[in-house]
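**Q** If you want the building blocks of each chain, they are given just below.
4 protein chains.
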Amino acid sequence: MSFQNPVFIPGPTNMPEALRQACYMPTIDHRSPVFGKILHPCLEGVRKVLKSDSAKIFIFPSTGTGGWETALSNCLNAGDKVLAARNGMFSHRWIDMCQRHGLDVQVVETPWGQGIPAGTYEAILKADKNHDIKVVLATHNETATGVKSDIGAIRKAMDAAGHPALLFVDGVSSIASMDFRFDEWGVDVAVTGSQKGFMLPAGLAILGFSDKAIRASDKATLPRTFFDIKDMQKGYDNNAFPYTPPVGLMNGLKLSLDMLLDEGLENVFARHHRIAEGVRKAVDAWGLELCAASPEFYSDTVSAIRTPEGFNATDIVTVAAKTYGMAFGVGLGEVAGKVFRIGHLGSLTDAMMLSGLATAEMVMVDLGLDIKLGSGVAAAQAFYRHGQASARKAAA
Amino acid sequence: MSFQNPVFIPGPTNMPEALRQACYMPTIDHRSPVFGKILHPCLEGVRKVLKSDSAKIFIFPSTGTGGWETALSNCLNAGDKVLAARNGMFSHRWIDMCQRHGLDVQVVETPWGQGIPAGTYEAILKADKNHDIKVVLATHNETATGVKSDIGAIRKAMDAAGHPALLFVDGVSSIASMDFRFDEWGVDVAVTGSQKGFMLPAGLAILGFSDKAIRASDKATLPRTFFDIKDMQKGYDNNAFPYTPPVGLMNGLKLSLDMLLDEGLENVFARHHRIAEGVRKAVDAWGLELCAASPEFYSDTVSAIRTPEGFNATDIVTVAAKTYGMAFGVGLGEVAGKVFRIGHLGSLTDAMMLSGLATAEMVMVDLGLDIKLGSGVAAAQAFYRHGQASARKAAA
Amino acid sequence: MSFQNPVFIPGPTNMPEALRQACYMPTIDHRSPVFGKILHPCLEGVRKVLKSDSAKIFIFPSTGTGGWETALSNCLNAGDKVLAARNGMFSHRWIDMCQRHGLDVQVVETPWGQGIPAGTYEAILKADKNHDIKVVLATHNETATGVKSDIGAIRKAMDAAGHPALLFVDGVSSIASMDFRFDEWGVDVAVTGSQKGFMLPAGLAILGFSDKAIRASDKATLPRTFFDIKDMQKGYDNNAFPYTPPVGLMNGLKLSLDMLLDEGLENVFARHHRIAEGVRKAVDAWGLELCAASPEFYSDTVSAIRTPEGFNATDIVTVAAKTYGMAFGVGLGEVAGKVFRIGHLGSLTDAMMLSGLATAEMVMVDLGLDIKLGSGVAAAQAFYRHGQASARKAAA
Amino acid sequence: MSFQNPVFIPGPTNMPEALRQACYMPTIDHRSPVFGKILHPCLEGVRKVLKSDSAKIFIFPSTGTGGWETALSNCLNAGDKVLAARNGMFSHRWIDMCQRHGLDVQVVETPWGQGIPAGTYEAILKADKNHDIKVVLATHNETATGVKSDIGAIRKAMDAAGHPALLFVDGVSSIASMDFRFDEWGVDVAVTGSQKGFMLPAGLAILGFSDKAIRASDKATLPRTFFDIKDMQKGYDNNAFPYTPPVGLMNGLKLSLDMLLDEGLENVFARHHRIAEGVRKAVDAWGLELCAASPEFYSDTVSAIRTPEGFNATDIVTVAAKTYGMAFGVGLGEVAGKVFRIGHLGSLTDAMMLSGLATAEMVMVDLGLDIKLGSGVAAAQAFYRHGQASARKAAA
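Chains as they are written, first to last, in this note's numbering: chain V, 3 to 398; chain C, 3 to 398; chain L, 3 to 398; chain G, 3 to 398.
FYI, nobody ran anything at the bench for these hints, they're computed from the structure. Note that the coordinates shown come from a computational prediction; the quantities given were computed from them, not determined experimentally. Glycine included, each C-beta is placed from N, C-alpha and C at the ideal position. Be careful, since some hints might not be right.
Taking lysine-lysine and the DSS-like style, the derived pairs with C-alpha atoms no more than 30 angstroms apart in a straight line are [as the list claims (entries may be wrong)]:
#, chain 1, residue 1, chain 2, residue 2
1, V, Lys236, V, Lys214
2, G, Lys53, G, Lys39
3, C, Lys324, V, Lys39
4, C, Lys53, C, Lys128
5, G, Lys340, L, Lys236
6, G, Lys340, L, Lys232
7, V, Lys83, C, Lys221
8, V, Lys236, V, Lys39
9, V, Lys340, C, Lys236
10, G, Lys83, L, Lys236
11, V, Lys53, V, Lys39
12, V, Lys232, V, Lys58
13, L, Lys395, V, Lys39
14, V, Lys340, C, Lys128
15, V, Lys221, C, Lys283
16, L, Lys58, L, Lys158
17, L, Lys232, L, Lys50
18, G, Lys136, G, Lys232
19, L, Lys83, G, Lys236
20, G, Lys324, L, Lys39
21, C, Lys236, G, Lys395
22, C, Lys128, V, Lys83
What follows is a list of derived Cβ distance ranges for each label pair [claimed, not checked]:
#, chain 1, residue 1, chain 2, residue 2, range
23, V, Phe385, C, Thr223, 50 to 56 angstroms
24, C, Gly237, V, Arg217, 53 to 59 angstroms
25, C, Lys236, V, Asp264, 40 to 46 angstroms
26, L, Pro166, G, Arg217, 42 to 48 angstroms
27, L, Ala391, V, Gly38, 22 to 28 angstroms
28, V, Asn79, C, Glu186, 39 to 45 angstroms
29, L, Asp264, V, Asn79, 53 to 59 angstroms
30, C, Phe5, L, Gln390, 26 to 32 angstroms
31, L, Gln390, C, Ala125, 38 to 44 angstroms
32, C, Thr223, L, Gln390, 56 to 62 angstroms
Let's have the full structure, built from the sequences with the hints guiding it.
**A** In structure tokens, the structure reads:
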């Protein structure tokens with residue numbers, strides 16, 4: 003474990019020093035008023051990152067998966083009907099969780115590489131005259147395929163169908179890195195974690211609930227205690243948790259939120275887009291293709307890159323780790339062996355990203371792919387470089 | 003937040019520097035072989051701390067409460083009958099969780115200050131001819147009252163009744179600080195967390211399952227995904243987790259286990275007993291009484307101390323925090339306002355403990371209690387001091 | 003190295019967490035503008051701590067000893083005459099350094115336990131009609147004996163004699179803990195280090211120079227390069243050092259200065275006095291005496307405590323370290339074996355100090371001294387405790 | 003200060019996490035035996051890194067400049083004659099220090115870009131029949147020009163002349179990164195610092211003295227106290243320093259030495275050579291030239307790169323810092339504005355180095371230099387990449 007190179011997995015992401023130090027605080031009494039000064043700024047900051055005025059924010063010592071379970075178990079009853087699209091490993095896993103909790107999932111099978119088909123959702127919702135469907139699930143950013151879906155379009159589909167279902171959105175690998183509009187999109191539950199855009203260690207499930215989702219929890223009978231939002235809310239009302247809170251991680255989250263909001267959310271999103279666009283230029287220069295089928299689906303946090311037929315893409319990840327000490331992501335599920343993934347979210351600079359691209363190139367050449375060394379790097383450099391005007395100004 | 007004084011809450015406990023540093027490691031790829039080198043030593047070390055040869059160990063990014071839910075949801079079905087004693091706030095909360103998960107709890111109401119009545123359990127189990135009771139719950143150390151229960155006696159009661167129920171033990175505030183014998187006591191599920199005897203931040207639920215408990219999970223139908231031990235086991239078999247693992251905390255756990263096992267478990271337990279005994283000498287010198295009704299119930303990790311009738315014990319905690327920057331624990335539930343608690347587990351020295359006792363004395367005198375300054379400290383010093391032979395040897 | 007107990011040596015002192023984190027920042031380019039944002043606040047903050055409007059501040063990667071050498075080598079010529087009092091090990095060492103640099107030191111031998119005799123200084127200076135004496139040395143706080151000298155009185159003596167000598171003050175164990183008035187006292191060079199009142203690791207010599215001292219450096223011919231203040235000043239004028247600066251330590255100093263100035267210097271001094279007074283109450287309760295001969299000499303940063311005739315005071319330090327893991331200071335030079343020292347400067351709370359006193363009591367009893375356990379603690383507690391009014395307010 | 007990118011200044015270098023943590027230890031009593039367990043492994047480890055069996059090692063809380071002063075002031079008398087070559091800013095500064103300490107320096111002016119001319123040294127030494135020259139100075143690696151000198155050849159020149167002068171070597175930017183042979187080369191004093199090959203913060207001057215140099219110190223009359231090696235040796239003999247030691251930094255040095263010796267010195271040197279060679283391939287691909295005049299002078303720790311006539315090389319450093327947040331080194335003295343420097347020593351990976359090269363390319367293109375983006379990166383990649391055999395093995 004040399005810790006020298008940055009990581010390029012799509013989360014956990016590289017941790018800024020200041021966040022590590024914030025997490026690394028000594029023990030405090032979590033029942034003292036000090037904890038409230040960590041808790042409430044976290045709740046308020048997350049609400050801002052979600053672009054919501056009124057969402058209730060919940061933070062659990064858990065992960066995004068625990069966040070999904072929180073969404074389901076607080077709002078639904080066994081046997082309830084749920085609409086979901088399967089277009090990657092993470093949407094698949096959420097569907098699987100629904101089924102294991104006794105929900106009746108109507109699955110819209112979608113090619114891996116494409117986003118959620120809002121039109122299909124609309125048709126299904128229109129056909130659901132009895133409003134049996136209680137919840138519509140949407141994975142904002144499929145981490146497995148590097149595919150972004152259009153949540154606003156799904157809301158429009160729901161509205162067009164006049165359907166009262168709740169809208170649950172998995173924003174684990176989008177929130178705090180890509181634009182997310184809880185209020186504007188009419189999201190009812192948004193789910194994320196600490197280890198992606200928030201640049202922290204794994205260990206927090208972070209959720210926003212609309213009033214409608216909170217009301218649904220009054221009647222929901224799926225069993226829950228650890229993930230119960232009412233217990234959690236009671237805790238918050240007393241500056242506390244219903245059990246021992248993860249104080250250090252939340253202290254880190256507080257600082258992460260300060261950093262993100264100080265930079266400005268739009269700047270954060272633009273920075274992610276810029277870094278991602280450089281990666282895409284490199285992929286193009288390599289003569290390779292993204293798993294994401296078309297530009298509208300391109301993710302600004304992770305790129306899944308298809309390798310030629312007959313080549314095992316996982317070898318790239320293995321060789322990069324063993325030979326160059328650099329971490330990329332493997333393909334999962336349907337695209338295992340067919341893609342490798344470059345995570346480009348969180349705390350990254352042009353220089354860091356170029357080191358990732360340069361290493362990927364060496365690995366691909368080592369493995370016999372027909373890639374020209376420096377070609378992807380040059381394409382990204384051409385995109386990243388600031389130009390003569392900027393240089394003249396800096397040098398002045 | 004001055005972080006200058008040690009904390010004397012009954013967890014989270016004071017973190018040794020080395021453990022803090024181990025926890026806040028930079029990001030690694032949790033799908034790389036590096037993670038396996040953290041995971042497996044954790045599993046093996048926890049098994050040793052539980053004194054078990056064969057328990058399956060599970061570690062979740064959660065807390066002790068999540069550990070309880072893991073125990074219930076993996077082994078039981080809605081409507082199953084459970085036997086439990088309520089003798090403090092934590093046993094109360096576990097009972098409450100059972101009820102919220104649709105279990106039928108037979109509650110043995112027990113005075114707060116006493117341990118679980120093994121005889122009563124035996125009688126109930128003998129009367130349960132149909133073996134309707136599927137699980138016997140036992141809180142090894144009631145953190146709210148500073149009361150230890152005799153788990154070996156409960157096992158004997160179960161055996162005397164010839165009853166096949168599973169035995170679930172909450173060892174959150176005992177494991178790694180007080181003797182715990184998973185195999186000898188025939189425990190089926192043991193539950194603990196990272197933030198007590200393991201001296202780490204909160205954020206890990208740590209469990210041991212017997213084969214019998216694992217088998218029970220084959221048929222258990224309570225819904226679960228995040229806390230599913232089968233998914234987790236499949237993850238472990240691939241050096242992984244079914245979702246993002248809390249790598250840093252587990253790296254801390256690995257080092258904590260090394261530290262505990264290097265010191266020797268019996269030495270760790272003796273150290274806790276010694277520190278605790280000094281606290282009890284001080285309480286006696288103050289003319290106060292423990293909540294624990296008799297010596298057999300005395301906890302070596304936390305002392306709940308009764309204050310005189312008409313005095314609000316919570317004031318001690320408030321004044322200590324505000325005036326002296328020191329954290330003690332309040333009374334909870336039935337004993338709220340009647341006791342204050344001194345946590346004395348984890349990483350503590352005589353000198354640290356004496357600073358806690360000295361501060362408690364100042365606060366009690368400030369609040370008008372009839373306590374002689376220095377009296378409790380002197381009683382603890384007389385117990386802690388090493389004596390002339392030791393001094394002569396050290397000075398030589 | 004358990005790092006669990008606070009240290010009670012008279013420096014290096016206990017480091018607040020925030021300062022440790024500030025010191026161990028990652029590498030930056032020390033020739034970039036970033037360094038200027040660390041450097042200049044350090045210079046300005048130190049000037050404020052010295053209570054000077056115009057002193058030039060110099061910071062060297064060195065220690066207090068290097069600071070002394072900086073003072074001498076920048077202002078003096080071989081053969082120059084210097085006036086100094088020897089009343090402890092540190093004033094002795096400074097005299098020794100002068101002699102090794104070829105200076106002619108007129109030594110005023112002073113009983114260890116007493117301060118610098120201003121009257122004697124005045125008589126000598128009056129007698130020095132030719133003004134051969136170029137510098138008057140004064141150790142503000144003799145760390146070896148816990149004796150404070152009255153620097154204002156020395157300035158008055160110099161003025162009464164109408165003597166133009168420079169006044170050099172060793173404030174290593176006083177500055178940032180005890181009142182120091184560079185301008186009011188007409189100090190020409192003040193010397194301190196990072197590891198005492200500034201609560202940082204050792205590694206910085208910190209000095210203030212008056213204009214007069216700066217002018218003296220124009221003609222001073224003692225050889226110097228590393229410690230040359232002119233080179234250093236040229237560096238500062240370019241936001242730099244003449245060699246690689248200790249960036250992390252200076253980043254720590256910047257934060258330390260913020261902390262001290264935010265607390266308020268008078269509050270810092272009052273806090274030190276209060277903690278020290280509690281220690282003195284304990285010493286009195288033990289029936290022991292300070293090395294400092296009378297209250298006017300009592301140091302608020304370190305107490306040297308005399309032990310009975312025939313007892314080896316160093317044993318206290320040895321046994322405390324080996325048996326209780328706690329660090330006190332030994333006696334040095336003339337008072338070796340006759341005193342042990344309790345450092346009470348820097349980042350300390352009442353509770354921390356009481357843990358030191360309680361441990362010292364156990365050690366002394368272990369070693370057969372006729373001390374009553376708890377007696378010193380009780381005396382300090384009675385002084386430290388806040389009283390009923392404060393408690394009622396806090397509890398409200 | 004984002005701390006995200008590695009630095010490419012020729013020191014201070016990038017600090018491995020483990021070293022930062024080792025430096026970042028809490029306060030210990032530096033007079034306790036614990037300190038000896040840090041001190042002696044440091045002394046022994048440095049001796050091994052110097053490839054010496056018997057050199058006395060001295061570590062001062064200072065920098066390389068202080069190390070130079072230690073060498074001079076402990077071994078020489080005012081007026082002593084010294085032989086030195088000036089071939090860059092650091093050799094220049096050492097000569098300047100000699101002159102300021104009253105030494106008579108015979109300067110061999112040498113083109114910046116060339117190494118020390120051993121032949122000229124030999125001729126001068128042969129001509130010095132009276133052996134007036136007391137010390138021969140040699141800068142092993144001129145950090146300003148990226149020029150390595152052949153110290154073995156200088157020893158041969160001295161031997162050929164039968165001259166008894168001492169040989170002082172500045173190894174600040176070579177030791178622990180490039181081969182250094184104290185015994186074989188007959189070095190009398192070697193000087194280095196903590197912030198280069200040892201990968202630590204600045205703050206330690208580290209020296210090796212031969213017996214002959216130690217003997218010279220018996221008669222040397224240049225004034226010294228802080229840098230006195232006899233005082234220091236007396237300290238070491240008691241597991242101590244003559245003043246407060248920089249404990250944390252030395253704890254870091256201890257671990258750094260373990261890391262270097264575990265890796266194996268020859269492997270460390272090979273790694274530096276490899277990284278450096280990649281940089282030189284890139285420089286060649288850019289069509290630029292090194293300041294170092296020929297391959298025998300190429301430094302494996304820093305490359306000074308000449309830019310075209312009329313171009314201000316310092317702009318590269320300014321723009322890299324302001325626009326890309328990356329630190330390179332400027333040209334100093336004679337080559338100011340004519341070269342920029344890439345430091346490639348200490349803790350670096352291929353990927354890190356490629357990020358530096360890629361950034362330098364963008365900056366040069368931004369500034370209008372005729373450089374092809376990706377060209378230098380590709381040349382370095384071709385050199386760094388491990389090849390198909392290695393990849394096949396890793397993937398297997």
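**Q** Looking at the structure, which of the earlier hints fail to hold?
**A** 14, 15, 22, 24 and 31
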